[in-house]
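Work the whole structure out from these sequences, hints included.
Here is how the chains run, residue by residue.
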Amino acid sequence: MSQPAPSLTTTEAVPLGSPSLSDAVPVDAASWRRRVDASARLPVLAYVLSGVVWLLVGTVFALLASFKLHEADWLGETAALTFGRVRPAHLATMIYGWLSMVDVGIMIWLWGRLLKTEVRHPWVLLASCALWNVGMVVGTVGLLAGFSTGVEWVEMPVAAFFCIVPALGLVAFALLSSLGRRRVRHLYISVWYLGACMLWTPILLVAVLLPIYSGVPHATVNWWFAHNILGLWLTPVGLAAAYYFIPKVVGRPVYSYHLSYLGFWTLALFYNWAGVHHLVGGPPPQWLVTVSIVFSVMMIIPVLVVAVNHHMTAFARIRRVLYSPTLRFVVFGAMSYTVVSLQGALMPFRSLMEVTHFTHHTIAHSHLGVYAFATMVAFGSVYYLLPRVTGWEWASRRLIALHFWTTGLGIGMYVVGLTVGGIQQGLLMNDASVPFLDVVIATKPWLWSRSIAGVLITVGHLTFAWLVWQIVRHRGPAPDGPVYFRPPPTGLFGRGDGGRAPVADSSLL
Amino acid sequence: MLTRPALLFLGAFAAILMSYTALSLVPKMQLATIEPTPGTEQPFGAQVQGREIYIREGCVYCHTQQVRAPGYGADVERGWGPRGSLPGDYVYDSPHLLGTMRTGPDLRDIASRQPSADWHYAHFYNPRSVSPGSVMPPYPWLFRTVEVGPGGAPGNAVPLPPEFAPGDGLAIVPTGEAEALYAYLMTLKLEPVEAPAPSPATE
Ligand code: HEM
Chain A
23 MSQPAPSLTT TEAVPLGSPS LSDAVPVDAA SWRRRVDASA RLPVLAYVLS
73 GVVWLLVGTV FALLASFKLH EADWLGETAA LTFGRVRPAH LATMIYGWLS
123 MVDVGIMIWL WGRLLKTEVR HPWVLLASCA LWNVGMVVGT VGLLAGFSTG
173 VEWVEMPVAA FFCIVPALGL VAFALLSSLG RRRVRHLYIS VWYLGACMLW
223 TPILLVAVLL PIYSGVPHAT VNWWFAHNIL GLWLTPVGLA AAYYFIPKVV
273 GRPVYSYHLS YLGFWTLALF YNWAGVHHLV GGPPPQWLVT VSIVFSVMMI
323 IPVLVVAVNH HMTAFARIRR VLYSPTLRFV VFGAMSYTVV SLQGALMPFR
373 SLMEVTHFTH HTIAHSHLGV YAFATMVAFG SVYYLLPRVT GWEWASRRLI
423 ALHFWTTGLG IGMYVVGLTV GGIQQGLLMN DASVPFLDVV IATKPWLWSR
473 SIAGVLITVG HLTFAWLVWQ IVRHRGPAPD GPVYFRPPPT GLFGRGDGGR
523 APVADSSLL
Chain B
249 MLTRPALLFL GAFAAILMSY TALSLVPKMQ LATIEPTPGT EQPFGAQVQG
299 REIYIREGCV YCHTQQVRAP GYGADVERGW GPRGSLPGDY VYDSPHLLGT
349 MRTGPDLRDI ASRQPSADWH YAHFYNPRSV SPGSVMPPYP WLFRTVEVGP
399 GGAPGNAVPL PPEFAPGDGL AIVPTGEAEA LYAYLMTLKL EPVEAPAPSP
449 ATE
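Chains A and B, in that order, give the protein sequences. So the mapping is simple: my numbering equals the position in the first sequence, first residue as 1, plus 22. So the mapping is simple: my numbering equals the position in the second sequence, first residue as 1, plus 248.
It should be emphasised that the hints constitute simulated quantities derived from the structure, not laboratory data. Built from N, CA and C at the ideal position, the CB exists for glycine as well. Among these hints, one or two may not hold up.
A few chain A positions that, by computed beta-carbon distances, are all more than 12 Å from chain B [said to hold, decoys possible]:
| no. | residue |
| --- | --- |
| 1 | 79 |
| 2 | 163 |
| 3 | 217 |
| 4 | 334 |
| 5 | 340 |
| 6 | 368 |
| 7 | 430 |
Across the chosen pairs, the derived CB separations fall in these ranges [said to hold, decoys possible]:
| no. | chain 1 | residue 1 | chain 2 | residue 2 | range |
| --- | --- | --- | --- | --- | --- |
| 8 | B | 394 | A | 453 | 40 to 46 Å |
| 9 | A | 283 | B | 389 | 53 to 59 Å |
| 10 | A | 180 | B | 389 | 42 to 48 Å |
Simulated coverage check for chain B against chain A, where a stretch passes if three residues somewhere in it have a Cβ under 8 Å from a Cβ of chain A [to be verified]:
| no. | stretch |
| --- | --- |
| 11 | 302-309 |
| 12 | 317-326 |
| 13 | 391-404 |
Below you can see the structure in the form of structure tokens.
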């Protein structure tokens with residue numbers, strides 16, 4: 023077994039997955055990994071495939087919502103496809119369908135790898151996946167049929183959440199009982215993030231769904247929730263994945279293990295206070311918004327900590343993004359995380375919010391988070407783990423490259439266009455001498471640019487879905503090794519890092 | 249002794265409990281006894297149904313219902329209300345419909361600035377019939393097409409410019425749903441209050 027990182031100072035700093043770990047492992051690394059991957063195979067596949075299906079559904083809604091914002095009469099006769107129904111359907115399918123489900127898949131796989139133990143109760147996990155999908159179908163159809171709850175980010179009829187929350191409970195049950203069987207002493211930072219969000223997410227959902235709020239307090243709990251579903255659910259999984267895959271593919275330990283603890287606790291303490299900045303200038307008590315703004319700014323600490331850790335680790339061997347699809351997507355995501363979070367920490371100042379609040383600038387910001395960060399990291403993770411759980415290889419490096427460039431350029435265009443467009447919209451709106459309709463008309467070119475970006479991204483999603491389908495079905499000629507964007511120089515990827523031994527020798531590293 | 253994972257879960261739980269208490273429960277208690285501002289009335293009958301249609305059609309994704317106080321943004325200058333919104337304006341709102349996006353104008357005071365039923369019906373039926381260039385969706389399913397009898401168009405026929413009218417011998421009339429939505433919009437009215445609203449903009 024080759025060592026990915028020759029100069030390790032502390033054993034603590036080793037990502038647990040790496041073979042040089044000294045913890046007592048029952049068998050040699052290659053075969054325990056095979057066992058762990060095999061135990062996770064069905065649940066991971068079920069969750070990842072479900073996620074990809076919802077990604078496609080959500081993409082259709084995205085295009086409908088996007089085009090309808092400038093071509094309002096397009097499909098205007100159909101109540102089920104009106105903007106105000108398609109938009110929450112887009113959010114629900116993307117957040118609770120695509121990102122949440124693929125993240126659970128990634129989580130299950132990482133959990134086994136990081137704790138060096140078989141994932142227990144795979145059938146419970148499969149049942150939870152089925153239940154979750156039932157919830158999503160009920161919720162999506164319900165939204166189109168007009169049964170929205172009207173509460174942003176939890177618009178789906180409550181019946182949907184009566185499926186999703188118990189499904190999350192089942193996932194937590196299976197993973198916690200695997201935790202009891204772990205074969206490592208030390209818990210890697212990714213386990214912290216995953217474990218904590220397993221607790222946070224059901225609490226968040228239950229808290230926001232309690233039928234006890236009205237008026238302004240309802241608005242504050244609503245935005246406390248909406249911000250936290252990003253900060254305490256999608257972000258921890260994204261960071262956990264980045265903390266695993268970057269060192270793994272780069273073949274070095276994370277830059278500073280102590281910093282990562284600091285990053286974790288500051289995130290846990292600060293992020294969940296930040297949400298009410300969505301209500302700046304509105305009717306909630308002044309002190310509330312101020313508290314939120316203060317905590318939003320304090321988020322700079324965990325963000326910089328994570329940034330230092332991820333980027334210092336990756337940049338040492340940044341040339342590897344030329345070769346490894348996983349690394350390229352994950353590094354793209356990690357860099358976006360830095361950008362979106364610094365933007366998030368600076369934006370809440372009242373003077374800036376005076377312009378950007380209530381405009382498309384917010385939409386650009388949220389896509390920078392949910393897409394350029396969370397979704398891109400999820401793509402990268404899937405590129406790494408699917409070959410391990412399917413025992414097959416990606417069908418085409420050209421198509422992976424197509425996926426990367428369409429989504430990368432697409433989201434760049436999306437975010438830049440709406441950021442600029444949103445600022446313009448805000449400035450015009452704050453000038454009372456400009457008639458409102460002129461503001462609407464001035465914004466249209468930017469909405470067009472989003473639609474074009476959306477088409478580009480859609481091409482990427484279709485490519486990705488096709489690749490996933492191919493690898494799951496074991497299509498194409500038997501692979502002779504890992505797929506890179508271009509052939510890496512010999513020895514660049516040892517067997518312990520981003521690469522893996524040829525499937526032929528069946529050691530699915 | 250607590251194990252590591254137990255400590256982790258405990259810390260994580262404490263963190264979220266604190267913020268939930270501060271950002272949700274405390275405001276709930278602080279605002280529990282608040283009086284409705286003058287002019288804020290509990291919707292009933294068709295107004296309630298109208299509010300449900302507002303939720304069903306997702307008007308909230310393009311319209312806020314919160315006016316920013318003078319000095320912060322240009323809401324009052326635009327005529328979107330006589331003052332900034334106050335918590336007392338929302339005591340009957342469940343779910344709240346504050347919104348965060350202004351693809352369209354704020355609607356918290358729409359009843360004062362646009363009371364005309366004919367205008368709203370034409371606008372719901374097709375916004376471009378009264379606001380050329382608008383990107384607001386049309387809501388034709390809130391209307392019925394009827395034949396114009398020998399006695400002329402029905403009294404509640406929606407006046408539409410020719411390019412949006414349904415054709416010779418036909419007229420568009422609002423259904424109960426369109427009427428309910430209109431009735432709800434007419435509850436959205438802000439009245440000035442004696443003490444000037446404390447401006448949330450000043451830091
Ligand atoms: C094909 C690419 C995409 C396009 C064209 C697109 C388009 C849109 C549009 C038009 C809206 C409504 C904005 C408004 O109300 O003005 C929206 C909102 C939203 N989308 Fe997307 N979207 C895309 C991908 C995604 C993905 C992959 C995710 C999540 C993983 C996502 C998550 C969201 C969220 C969370 C919102 C609500 C934003 C907010 O309230 O701030 N979108 N998107």
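Hints, verified against the model:
no.	hint	verdict
1	79	18 Å, holds
2	163	14 Å, holds
3	217	6 Å, violated
4	334	25 Å, holds
5	340	32 Å, holds
6	368	16 Å, holds
7	430	27 Å, holds
8	B:394 - A:453: 40 to 46 Å	44 Å, holds
9	A:283 - B:389: 53 to 59 Å	56 Å, holds
10	A:180 - B:389: 42 to 48 Å	25 Å, violated
11	302-309	holds (count 7)
12	317-326	holds (count 6)
13	391-404	violated (count 0)
Consistency note: the structure conflicts with the earlier hints numbered 3, 10 and 13.
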